[in-house]
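Peer 1: Spelled out, the chains give:
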Amino acid sequence: MQTLNPDRLFPAEPTQRRIARDLYDSVKDMPIISPHGHVPIEWFATDYHFRNPTELFITPDHYVTRLMHAHGVELADLGVNQSDFSESQAREAFLTFGRCWRRYAGTPMRYWFEDSLERVFSITEPFGPDSAGRIYDQVNEMLASPEFSTRALVRRFNIESISTTDDPVDDLRLHDQVIADPDFGALLAPAFRPDRYLEPAAPEWASLVDALGRSAGVDASGYEGFHEAMRRRRRFFKEHGAVLSDHSHMDVSCERLADDEAARLFALAYAGSITAADAARLRAHLFNDQARLAQEDGLIMTLHPAVHRSYDQYGLETYGRDIGADIPARSEFTRALKPILNAYGNDSKFRLVLFTMDETVFSRSLAPLAGYYPSVFVGAPWWFLDQPEAMLRYFEDTVPICGFGKLSGFIDDTRALCSIPSRHDTNRRVTARYVSSLVADHRLSLDEGYEVMRGMIQTQPREVFRLNP
Amino acid sequence: MQTLNPDRLFPAEPTQRRIARDLYDSVKDMPIISPHGHVPIEWFATDYHFRNPTELFITPDHYVTRLMHAHGVELADLGVNQSDFSESQAREAFLTFGRCWRRYAGTPMRYWFEDSLERVFSITEPFGPDSAGRIYDQVNEMLASPEFSTRALVRRFNIESISTTDDPVDDLRLHDQVIADPDFGALLAPAFRPDRYLEPAAPEWASLVDALGRSAGVDASGYEGFHEAMRRRRRFFKEHGAVLSDHSHMDVSCERLADDEAARLFALAYAGSITAADAARLRAHLFNDQARLAQEDGLIMTLHPAVHRSYDQYGLETYGRDIGADIPARSEFTRALKPILNAYGNDSKFRLVLFTMDETVFSRSLAPLAGYYPSVFVGAPWWFLDQPEAMLRYFEDTVPICGFGKLSGFIDDTRALCSIPSRHDTNRRVTARYVSSLVADHRLSLDEGYEVMRGMIQTQPREVFRLNP
Amino acid sequence: MQTLNPDRLFPAEPTQRRIARDLYDSVKDMPIISPHGHVPIEWFATDYHFRNPTELFITPDHYVTRLMHAHGVELADLGVNQSDFSESQAREAFLTFGRCWRRYAGTPMRYWFEDSLERVFSITEPFGPDSAGRIYDQVNEMLASPEFSTRALVRRFNIESISTTDDPVDDLRLHDQVIADPDFGALLAPAFRPDRYLEPAAPEWASLVDALGRSAGVDASGYEGFHEAMRRRRRFFKEHGAVLSDHSHMDVSCERLADDEAARLFALAYAGSITAADAARLRAHLFNDQARLAQEDGLIMTLHPAVHRSYDQYGLETYGRDIGADIPARSEFTRALKPILNAYGNDSKFRLVLFTMDETVFSRSLAPLAGYYPSVFVGAPWWFLDQPEAMLRYFEDTVPICGFGKLSGFIDDTRALCSIPSRHDTNRRVTARYVSSLVADHRLSLDEGYEVMRGMIQTQPREVFRLNP
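Chains as they are written, first to last, in the numbering used here: chain Y, 547 to 1015; chain G, 547 to 1015; chain W, 547 to 1015.
Derived by calculation from the structure, the hints in this document are not laboratory data. Note that beta-carbon positions come from the ideal geometry of N, C-alpha and C, so glycine has one too. Each hint should be verified, as a subset may be incorrect.
[What the hints assert, rightly or not] Sample of chain G residues at the chain Y side, in silico, Cβ under 8 Å:
1) Asp-553
2) Gly-618
3) Tyr-650
4) Pro-654
5) Ala-936
[Unchecked claim] Just so you have them, the derived chain W footprint on chain Y, three or more residues with Cβ under 8 Å:
6) 614-623
7) 647-656
8) 855-865
Next comes chain Y alone, as it looks inside the complex (with noise of 0.2 Å):
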């Protein structure tokens, strides 16, 4: 038997160590604000309740399923996009997370099924391939419990917001009828993820247009109309409670082109005949189009840019996107961001939350910009980057350019729903632990490291995105 420490993730030194400890306290209460995130609307619609651990834990979750496949493990035998797993599968899964256990130490990803095992599951008893099996069992035990719903979870996690991230045609129906239910606990957002949208050159492109044309009462085949569908449906996600729209292409290029141009750059892709340099000059005009409308409906632009997607061609056919085949690449942000900065940087209703992975523009230009704009905030550590060391390194590069205030606070980005609360605590340890490094050298009184984690936890993303519990 073990059970967490209370002091894991704390400085090793003790009096900073105590400084942490207190700091983390004052926040580690506060309930869950998260402004992004993939849980699937349609659990919280049915109140879904999970078929086993392995589907919990294990086959949604790319963090998890790419190390064993690192490690040689299919990711059919895992689960991944199998239509039809069985139960003794999904225990045999399962086993193999279990034998390939050890090769997680030092990953986020142990440091959330442990903290999610004890704290969701109350079970203590250290994983591995000895234990995985009982474990299996137990917490099989529990799911089937009415305690272990969606719903149940959401609301035992204390979870204040929670955001899902939408298709600009969906109709959000299922939205509605969850922010209507008294029974959901949380404050629901739909996002808008217009990317698809935006890039001429893919063979899609089209009958994406038409579809939006359609869902927004406009006929979208020229450049005019399609602006309109992107207004309405913006609109639209913005009465059915979207704060934010969500970008994330290989970079983020947003030269405008002269109107008549774009026109005949549209007509062009939507007829198919683009080149993929004048597609590269349309999307960036489009994605310009994106700052120019949020700065009419003041909806948060959030970007993560510069991701090799699907990059392996094999794990894209046999298993589809989403698999952990994805490998960040180097971004660039600020020559390309220019003209939208220069449109509207100053503006204060227009908002702009830079995300990345890649970690050399944090002090070189997420946090000068940040420093500078006043609609500049820098997004917290994405992705590969969810974890202490990394978050540490954020805090070291950002803080003393743009000060906390220019930080969005953290995000959790995940259809993981059992490492939510987990992430989120990871984070408050993790913000401790910084913080207390400014009070243990003298930077900081006490009090003011308590005003500090009580901004960066609750205040802070709560005033970027403008969330209102």
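Given chain Y, work out where chains G and W should sit, using these hints.
Peer 2: Positioned in the frame of chain Y, the structure of chains G and W alone reads:
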């Protein structure tokens, strides 16, 4: 009441903290050596009295103003570029600073300001929204006394040498006057900053060339004359105490052209009909010429390239340059500097000090270059990086590769006079912190630690910049 | 007198230090596994006796010589590339080293040298300008004894396996001789280093191709023959104990050409009339072929691209290659390696170990790739990064993303024989330091820490490089 903790910025672990304290104590009272800065020569020449605390601490310091701007304060309300900023407006700006104070938590601007308040003005009341008015009044009263004139502060700050940054056509009359005055305690050096004269694409370039020619007494309208004018103005600066030339282009390309090609492009540029691409080639050549001249006259070259200057067009038009809207860019030194380094890199008379705000080049480029070439030194962390976290990263990135002996020593690079002792003290504390880590893990003896400290604070900057007190 | 502190390189905080010490103690006596290095095979074959301490410690070690050069010492005076370097010159070079000694504070060269002096030569007098002569004489005397021959040192250093780096046309006769000799205690492996044969733009390329063909007994003057020659030489190396091929081009582009296009460009290159652009395309294809062959024959590919080799033209002409004038370049792996990874990345027989001196790619590229692909491992910090600070950054950048199990284990990469145990010991101490941080903040139990240590020092390098002792 609070007072500055004597152990501020030291590591938390008690044994290491004691070592850091001892190391710091051994250098804390050494005179300040400031080989590069931006205090206006007029202040020294006239023994300027600051009119109020806002003029001292806020308006001229874009480190301070940009962060308030990032939280929605108009720069006009802080006095930036306001020809007629009244006493009551100044007081209001200081109150605004007080209201924004909590936004500075974790930044060096906060640290320097608190440090200055106590060490220069003996104010120990915590600054903030409630105390800003009282503190304004106290500082204001003190500023009126002779003890707080510019020269009195220079004496009190124990400044051994200080530098201004000057235009090549400056007649250095004010410098001569200050140097000749026994009342001015420090060694004063102008610095040769020819950037504008090396950018042939700029619309004002031809008239700058004419002015340069006039100041040198030579017709500079052709390439040969221009080169001779540069040679003369550099010598003039050297004769008037300059030890370095200072350069900040977007990149450090320095490929030479054939002589006749240089002359041809120069003529095109002077006629205002050069293309952007050719202007870039000519600039590289003219920049190479600076190195050639440096090898003749022995002025040290300091380089800090790769900044998007005046990124915000609105800010530039409304408030001018240097308002905190400069954003660092990715930088590349190794490939770009090859022509200069292959020509003069092994020459002990030639000297190049390389600064950056792109931290990725410390371990990949600058330390390896400095660890091979006798002429190359790695400059101190620059501008946005002038803060404890980045200083520590800088030491960790460079020292293992090129040793302490190829670092430049600290550069304050500021026009904020009162922050000079605070910045140097920060550097001494953080240097002690880094060296204490080497002593604590038994890589250096304490005696060697003392020697390294003396080197970094005193011997090294004197030697690198050839400053003989 | 001083002696090496048993706690050197451990963290300062006492609790964490105790953990680090325990972790280190558990691996400190394990045999050395060295999958990649540069000790000349002649030394092993002849049981070479070093003529003097300068030949042992200074002349062949460009880590040591470059820093003296950076402080103005001519490489000739250190014996670099001097065919006739007398005993008195050698002694003088050692005294120069003593005078420069303080310049090495904070560098790994200092650490390794002190460590070697005490652990190999039992010298505890501090090295420096005053003691250099005495120490020279003591070491000199010892070197003459049989205990200090190359093979005696290999035995004493407890080396389990060691590798040389060899030209593809090497007949490996000396390797065979050493392997057959029961007197040589370690497993010896040659390594296949084909770089020069894959650069068709080089003037000597056609003659290299001829030599390769001769050694393979095949006409290599056409593409098919060349490919067959490569296949045979790789098999020859494998049959003689090689486990890996080693590659260091400026970039790792590997786009394949159509077969006839490859043949056409090969013919042009062989005739000496290929353009630079086509040579780059051909090189990418030939490099891709190495991966194709690796997938057949199972030699592991180790890659360490992106270095400006022999940056200093004067140094190259005067002293030749490998004098410490190689400067790292920015590197890009993800986009460049896509053709190879999409072809063989999921194949468990294929294996790629990626090294870099560009630290920005650890968290952005290498760890994400290794965290997905079974074939990819992240190589140990390379060359300039082979020091405690960079090692710690490496662990912090990679482990949270890909876990310990996708790291290569330590690589000493050196020709400085006496530094081998010091380098491995440094790695063991720093690995213990990193793992102790995970134990101290309760992310790993101490027992798991021991398991990780054993993995990193022993199991992992054996498995990754398929070395079976």
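Peer 1: Evaluate each hint against the coordinates.
Peer 2: Against the structure, the hints come out as follows:
Contact between Asp-553(G) and chain Y, as hinted, is supported at the beta carbon level, the nearest pair being about 6 Å apart and thus within 8 Å. Because the closest C-beta pair between Gly-618(G) and chain Y is about 5 Å apart, less than 8 Å, the hint holds. Satisfaction of the interface hint for Tyr-650(G) is found here, the shortest Cβ-Cβ separation to chain Y being roughly 6 Å, below the 8 Å cut-off. For Pro-654(G), the interface hint holds, the least distance from its beta-carbon to any beta-carbon of chain Y being 6 Å, beneath 8 Å.
At its closest, the beta carbon of Ala-936(G) sits 7 Å from a beta carbon of chain Y; the interface hint therefore holds under the 8 Å criterion. Coverage of the segment 614-623 of chain Y by chain W holds [criterion: at least 3 residues with CB-CB distance below 8 Å; count 4]. Counting residues of the segment 647-656 of chain Y whose C-beta sits closer than 8 Å to any C-beta of chain W gives 8, which meets the bar of three, so the coverage hint holds. Counting residues of the segment 855-865 of chain Y whose beta carbon lies closer than 8 Å to any beta carbon of chain W gives 5, which meets the minimum of three for the stated coverage.
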